[in-house]
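**Q** Sequence lines, in order, name chains D and C.
Here the first sequence is numbered in our numbering, starting from 882 and rising by one per residue.
Here the second sequence is numbered in our numbering, starting from 882 and rising by one per residue.
These are calculated hints, taken from the structure and not from any lab test.
A portion of the hints provided could be inaccurate.
[Said to hold, decoys possible] Derived lysine-lysine pairs resembling PhoX-like cross-links, with alpha carbons at most 25 angstroms apart:
#	chain 1	residue 1	chain 2	residue 2
1	D	Lys973	C	Lys1008
2	C	Lys975	D	Lys975
3	D	Lys1021	C	Lys1070
4	D	Lys943	D	Lys953
5	D	Lys1021	C	Lys1021
6	C	Lys1070	D	Lys1086
7	D	Lys946	C	Lys910
8	D	Lys943	C	Lys1070
9	D	Lys970	C	Lys1008
10	C	Lys1021	D	Lys1070
11	C	Lys1047	C	Lys1070
12	C	Lys970	D	Lys910
13	D	Lys910	C	Lys1047
14	C	Lys883	D	Lys973
15	C	Lys883	D	Lys1070
16	D	Lys1070	C	Lys1070
17	C	Lys999	D	Lys1008
18	D	Lys907	D	Lys923
19	C	Lys999	D	Lys973
20	D	Lys959	C	Lys975
21	D	Lys999	C	Lys1008
22	C	Lys973	C	Lys913
23	D	Lys946	D	Lys924
24	C	Lys946	D	Lys913
25	D	Lys1054	C	Lys1070
26	D	Lys970	C	Lys913
27	D	Lys910	C	Lys946
28	D	Lys1092	C	Lys1086
29	C	Lys913	D	Lys946
30	C	Lys943	D	Lys907
31	D	Lys1070	C	Lys999
32	C	Lys907	D	Lys913
33	D	Lys883	C	Lys973
34	D	Lys1086	C	Lys1021
35	C	Lys970	D	Lys970
36	D	Lys975	C	Lys1086
37	C	Lys999	D	Lys913
38	C	Lys975	D	Lys999
39	C	Lys1086	D	Lys1021
40	C	Lys1070	D	Lys883
Protein chains: 2
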Amino acid sequence: MKVRELMDTNFIVVSPDQDIVKVSMKMEKYRKFTTPVVDEEKKLVGWITSLDITRGLREGHKLVKDIMYTPKEVVSVKENDAARLAVLKASKYKVVSIPVLNDNGTVVGVIRTCDIVKTLSQLYEIKVYKIFDAMDHELKGVTWDELMEASAIVTRRETGERITAKDYEQRIKNATFGEAIWATGGLEKFFVGLIAIGELVIARKVARARK
Amino acid sequence: MKVRELMDTNFIVVSPDQDIVKVSMKMEKYRKFTTPVVDEEKKLVGWITSLDITRGLREGHKLVKDIMYTPKEVVSVKENDAARLAVLKASKYKVVSIPVLNDNGTVVGVIRTCDIVKTLSQLYEIKVYKIFDAMDHELKGVTWDELMEASAIVTRRETGERITAKDYEQRIKNATFGEAIWATGGLEKFFVGLIAIGELVIARKVARARK
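Isolated chain D (complex conformation) (with noise of 0.2 angstroms):
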């Protein structure tokens, strides 16, 4: 995923001799706590946020260059880069929204945190379930109920607790990835767990066909 494809293209802009107060009623009507400065070129010459703003109606301040970061200031990110790049920077920063430039300089988009919020948390949200029915279509020869069991088998090795198919069933067409790795003890436990059930399956496959 490039940041051209994370990014919102619906920003506000403002110029650096615009006038404070004006801008700040643009701020306020779209809602927005941080906007780029751009030049006649949409070329970002500054980055102001809504806390310059107050210091600058209660100073005094007329422009927006007056109260304005400067480009070298701003935490910024290209198009083409990988959208990850966009999360480390946001994440290091502690940054609301970042502004995303072309490669002539010219201001494209902006990364807002809560877009990367809504993008991230979409992995999280995957039902278990849908991984399993990935499984069963991938392991040929396997019923689902075979898969269940097996599921439930593992887990009863694995924790103790008394857990039938349909419980097991039951469960992972609730929850979701998030709540698996998180209850299972990070990702690379949660893989583990789906690996021996798929050794067991794959077990009782080939038991079954010596028969």
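Fit chain C to the given chain D structure using the hints.
**A** What follows is chain C alone, placed relative to chain D:
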């Protein structure tokens, strides 16, 4: 994971009768775009953002209570809620922070989207290598080289790409889980690939045992 494990307990609060000029200076000092408004018992009685402050300063309002949101208008979570709920709310309401309450309605923390991004991104940043390492430990009687060989075979079969076991090993040393699920087309497909590899190494192990 619970909300209390994700929240920031290092937050600022303001009171409804405080002067917004002073509040603006506090929010600037601590670089906070939002802050809970609390009474003497730290109960949530409102919420303000730096955009309310710019409006308040411009329109000549004096006190926090003149410009704040009421608790009914504020998205909040409880400290014992699943962290997942805070993530879903941040994503749905596109807010940068959410106050966290205990059962008495006292503010005990704030959930920030930048912290959510940090937590959620950890899963994406796990090295694929670690998953294979866990798989290698789980699959008794299979060596690391056999696992890499099977992985290269499955990859060649699925993609037509001419990849050796060594190439594959190098690839997973650098790749993150996020990149891997992006490259394979999603979590289920990534997992199906792992199952295919698991099946192949087991089949080869069985074949070896029969010789």
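**Q** Does lysine 946 of chain D lie within 25 angstroms of lysine 913 of chain C when you go C-alpha to C-alpha?
**A** Given that 25 angstroms is the threshold and the Cα spacing comes to 22 angstroms, the pair holds.
**Q** Mind checking the alpha carbons of lysine 975 of chain D and lysine 1086 of chain C for me, to see if they're no more than 25 angstroms apart?
**A** violated, 49 angstroms
**Q** Keeping to a limit of 25 angstroms between CA atoms, is the pair of lysine 999 of chain C and lysine 1008 of chain D held or broken?
**A** Holds, because 22 angstroms separates the two Cα atoms, which is no more than 25 angstroms.
**Q** Is it true that the CA of lysine 970 of chain D sits at most 25 angstroms from the CA of lysine 913 of chain C?
**A** holds, 18 angstroms
**Q** Between lysine 943 of chain C and lysine 907 of chain D, does the CA-CA distance stay at or below 25 angstroms?
**A** Cα-Cα ~22 angstroms, so holds.
**Q** Assess, step by step, whether the Cα of lysine 973 of chain D is no farther than 25 angstroms from the Cα of lysine 1008 of chain C, and give holds or violated.
**A** Distance ~19 angstroms between lysine 973 of chain D and lysine 1008 of chain C Cα, so the pair holds.
**Q** Given the hinted pair lysine 907 of chain D and lysine 923 of chain D, is their Cα-Cα distance within 25 angstroms?
**A** Between lysine 907 of chain D and lysine 923 of chain D the Cα gap is close to 18 angstroms, so the pair holds against 25 angstroms.
**Q** Quick one, are lysine 999 of chain D and lysine 1008 of chain C close enough, alpha carbons at most 25 angstroms?
**A** Status holds; Cα separation ~22 angstroms.
**Q** Hinted pair, alpha-carbon criterion (25 angstroms max): lysine 1086 of chain C, lysine 1021 of chain D. Please report holds or violated.
**A** holds, 18 angstroms
**Q** For the pair supplied as a hint, lysine 1070 of chain C and lysine 883 of chain D, is the alpha-carbon distance within the 25 angstroms limit?
**A** This hinted pair holds, its Cα atoms lying about 20 angstroms apart.
**Q** Under the criterion that the straight-line Cα-Cα distance not exceed 25 angstroms, is the pair lysine 1070 of chain D, lysine 999 of chain C satisfied?
**A** Between lysine 1070 of chain D and lysine 999 of chain C the Cα gap is close to 21 angstroms, so the pair holds against 25 angstroms.
**Q** So if I understand the rule, the pair passes when the alpha-carbon distance is 25 angstroms or less; does lysine 999 of chain C with lysine 973 of chain D pass?
**A** This hinted pair holds, its Cα atoms lying about 8 angstroms apart.
Of the numbered hints given earlier, the model fails hints 8, 13, 36; all others are met.
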